[in-house]
Amino acid sequence: MKKVIYILSVLLLSSICVYAQFQSELVRFGQDGKLVYNPYTDKGDIIPDFSHCGYMGGGVPIPDVKVVAVLAKPSGGDDTPIIQNLIDSVSKLKLGSDGFRGTILIKKGIYKISSPIKITASGIVLRGEGNDKERGTIFLATSPQRSNVIELGTKQAFSRDILSEKYITDEYVPSGSRMVHVKDADKTFKAGDKVIVHRPSTKAWIHFIGMDSIPPRPKSGESTYDSFLRYRELGDKMDTNGTKQWTEGSRDLIFERTIVAVDGDKIALDIPLVNALQKEFGGARIYKYSFDERISHCGVENIYGMSLFDESVKQDNRYIGEYYCDEKHANNFIFCHSIENAWVRDVSVEHFDCCVWTSRYAKFITGQDLSATNPISVITGGRRYAYSVWGQMNLFQRCYSSHHRHEFVLGASVAGPNAFVDGHGDMTFASSEPHQRWAAGCLYDNITIKGPDGSLLAVNRAWYGSGHGWSGAQIVFWNCSAPVIMVMQPPTAQNLAIGSGGAIDDEWEENSRTKTIRAINGVSRSQFEYKGVASVGDGWIELADKTVEPKSLYYQQLKDRLGTEAMIAISHRKK
2 MKKVIYILSV LLLSSICVYA QFQSELVRFG QDGKLVYNPY TDKGDIIPDF SHCGYMGGGV
62 PIPDVKVVAV LAKPSGGDDT PIIQNLIDSV SKLKLGSDGF RGTILIKKGI YKISSPIKIT
122 ASGIVLRGEG NDKERGTIFL ATSPQRSNVI ELGTKQAFSR DILSEKYITD EYVPSGSRMV
182 HVKDADKTFK AGDKVIVHRP STKAWIHFIG MDSIPPRPKS GESTYDSFLR YRELGDKMDT
242 NGTKQWTEGS RDLIFERTIV AVDGDKIALD IPLVNALQKE FGGARIYKYS FDERISHCGV
302 ENIYGMSLFD ESVKQDNRYI GEYYCDEKHA NNFIFCHSIE NAWVRDVSVE HFDCCVWTSR
362 YAKFITGQDL SATNPISVIT GGRRYAYSVW GQMNLFQRCY SSHHRHEFVL GASVAGPNAF
422 VDGHGDMTFA SSEPHQRWAA GCLYDNITIK GPDGSLLAVN RAWYGSGHGW SGAQIVFWNC
482 SAPVIMVMQP PTAQNLAIGS GGAIDDEWEE NSRTKTIRAI NGVSRSQFEY KGVASVGDGW
542 IELADKTVEP KSLYYQQLKD RLGTEAMIAI SHRKK
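Taking the numbering used here, the leading residue of the sequence shown gets 2, the next gets one more, and so forth.
No wet-lab data here; the hints were simulated from the structure.
A hint or two may mislead.
[Stated by the list, open to error] Label pairs and their computed distance ranges (CB to CB):
no., residue 1, residue 2, range
1, Val71, Asp266, 54 to 60 Å
2, Asp253, Val71, 43 to 49 Å
3, Val71, Ala205, 55 to 61 Å
4, Asn86, Ala269, 44 to 50 Å
5, Asn512, Asp266, 52 to 58 Å
[To be verified] With a straight-line Cα cutoff of 30 Å, these simulated BS3-like cross-link-like pairs (lysine-lysine) come out:
no., residue 1, residue 2
6, Lys113, Lys74
7, Lys547, Lys516
8, Lys204, Lys220
9, Lys289, Lys191
10, Lys191, Lys167
11, Lys119, Lys195
12, Lys167, Lys195
13, Lys134, Lys74
14, Lys267, Lys35
15, Lys329, Lys119
16, Lys67, Lys35
For each residue, glycine too, the CB sits at the ideal point set by N, CA and C.
Working from the sequences, and respecting the hints, build out all of it.
Written out as structure tokens, the structure is:
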């Protein structure tokens, strides 16, 4: 009780003193102590409310689900069938009123896992007795193939109600808005309906943002500008060297929402849209959907993950010297398929490219108090994505990684919001970022990146990969720290770097900054320069050398929406 009173006192003092602190032009405290949002365009686009990200839509503490089955010790052989049989048995139990069947407790020991352990029924929690390498519950992956150790969810997709499909009539719906208009909306929709807001990637929009003329990957001895001139002359007749132009319909954004109110032609949604809907570029459609095959209320907790690998396979790296790089072993620890309202907490892994991967149909997932270290793979593209998000309304908080490439990363055409909060990456070999092809609406809140090639980016990646192009839109770096934070403004959108979590002071700082700026300038044909502060680019950059208030945008938004207790419930690690 004393701790809660102390925290409330600190929050009260913070709200009283905040007016003397640095605040953004776009998000400021009002007279009532809650945030006020100012638009960054004349069309009304604002920074969205990210607080809906996470288990049960944010602010709901992860429960301690009762144990209904126990595995006392390892078998001495392959433990996969034993654990899978327990899961299958628990999946036959009746769901409780709380949405859970129960927890399977895996006692301390080393359990050999030869193939993916699958949870495909709702209400099941897999719990170990500690994420300690020496004394905890250890899952040792033994597969000689790239694979997942644990898979959550089904592999099904949603079903669209075609008869309910309507066009949104607004000329422009600003990013951050919850409101859309549909002719005679009240004849088709009602409060409580689950809907998709489907923003198309039209040919006109792709052309407007330049993603139908991405310069091909340069050949040996050629600059990006040279390859661009060659493409302009020859078009698709030339050898594009693996670069693919964006095509109509390939970059659609599929926002899952619930209607909270309908009034005539007006529809109010539960969660803000994180990309503008422009009628001139196809606007958007809205339709009801069902997703009966998606499971919910599952978790993985208190486990340490490792993988067998061939220690004779090695390479040299300019920064770390000789390192293990065998790739014939499990590469993802937890993969979330079609699942919602689930979590992964207090899990530590080593040897894997990825600790947790959330797919396109994974939403309201919380990953918290996680650690991903010592990945075993070649240090190159497609590897070492510590926390990878492709779904929506997902939250990763208090997560650590080292020796990865993309620690906190978004996939292609991700329809947010999503949030990474209080994360730290050491010995980084690439950038934390929206990685490719217009991932929309992600908050990086108090993320610190260090290492030889560490950076935070929301830029035009142009021919990188196979034509990643504009990697993200409405990406917000809030009080983050990295050798360089680059934000570029995409046509029709914005990326933002607001505040600073403090300077990076390590042996790699200058190398990371110089190398990153040069590389992005080269690929995007830009001329950005370092001017004494970490944030660089033509996006929205504000107070780049100051810590702004609120210190955490996510937690303050959560406090504004649900109250102090909800914020405290998830912002502090459980003892």
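How the hints compare with the structure:
Between Val71 and Asp266 the beta carbon distance is about 56 Å. The supplied range of 54 to 60 Å therefore holds. For Asp253 paired with Val71, a C-beta distance near 46 Å keeps the hint of 43 to 49 Å intact. At about 59 Å, the beta-carbon gap between Val71 and Ala205 stays in the expected band of 55 to 61 Å. Look at Asn86 against Ala269: about 47 Å separates their beta carbons, and that is inside 44 to 50 Å.
Checking the proposed 52 to 58 Å range against Asn512 and Asp266 shows it holds: the Cβ atoms sit about 56 Å from each other. Distance restraint check for Lys113 and Lys74: the Cα-Cα separation of roughly 11 Å lies within the 30 Å cut-off, and the hinted pair is therefore satisfied. Straight-line distance between C-alpha atoms of Lys547 and Lys516 comes to about 24 Å, which keeps the hinted pair within the 30 Å bound. For the proposed pair Lys204 and Lys220, the alpha carbon gap of about 28 Å is at most 30 Å, so the pair holds.
With a C-alpha separation of about 10 Å, the suggested pairing of Lys289 with Lys191 holds against the 30 Å cut-off. Pair hint Lys191 plus Lys167 holds up; C-alpha atoms about 14 Å apart against a cutoff of 30 Å. A hinted pair counts as satisfied when its Cα atoms are at most 30 Å apart, and Lys119 with Lys195 qualifies at roughly 27 Å. A distance of roughly 14 Å separates the Cα atoms of Lys167 and Lys195; the hinted pair therefore holds under the 30 Å criterion.
Note on Lys134 and Lys74: the hinted pairing holds, with a Cα-Cα distance of about 16 Å set against a maximum of 30 Å. A C-alpha spacing of about 26 Å is found between Lys267 and Lys35, which places the hinted pair at or below 30 Å, so the restraint holds. Only pairs whose Cα atoms come within 30 Å are accepted, and Lys329 paired with Lys119 is accepted, the gap being roughly 21 Å. For the given pair, Lys67 sits about 38 Å from Lys35 by alpha-carbon distance, which is inconsistent with the 30 Å threshold.
Figure legend: structure checked against the earlier numbered hints; the only hint not met is number 16.
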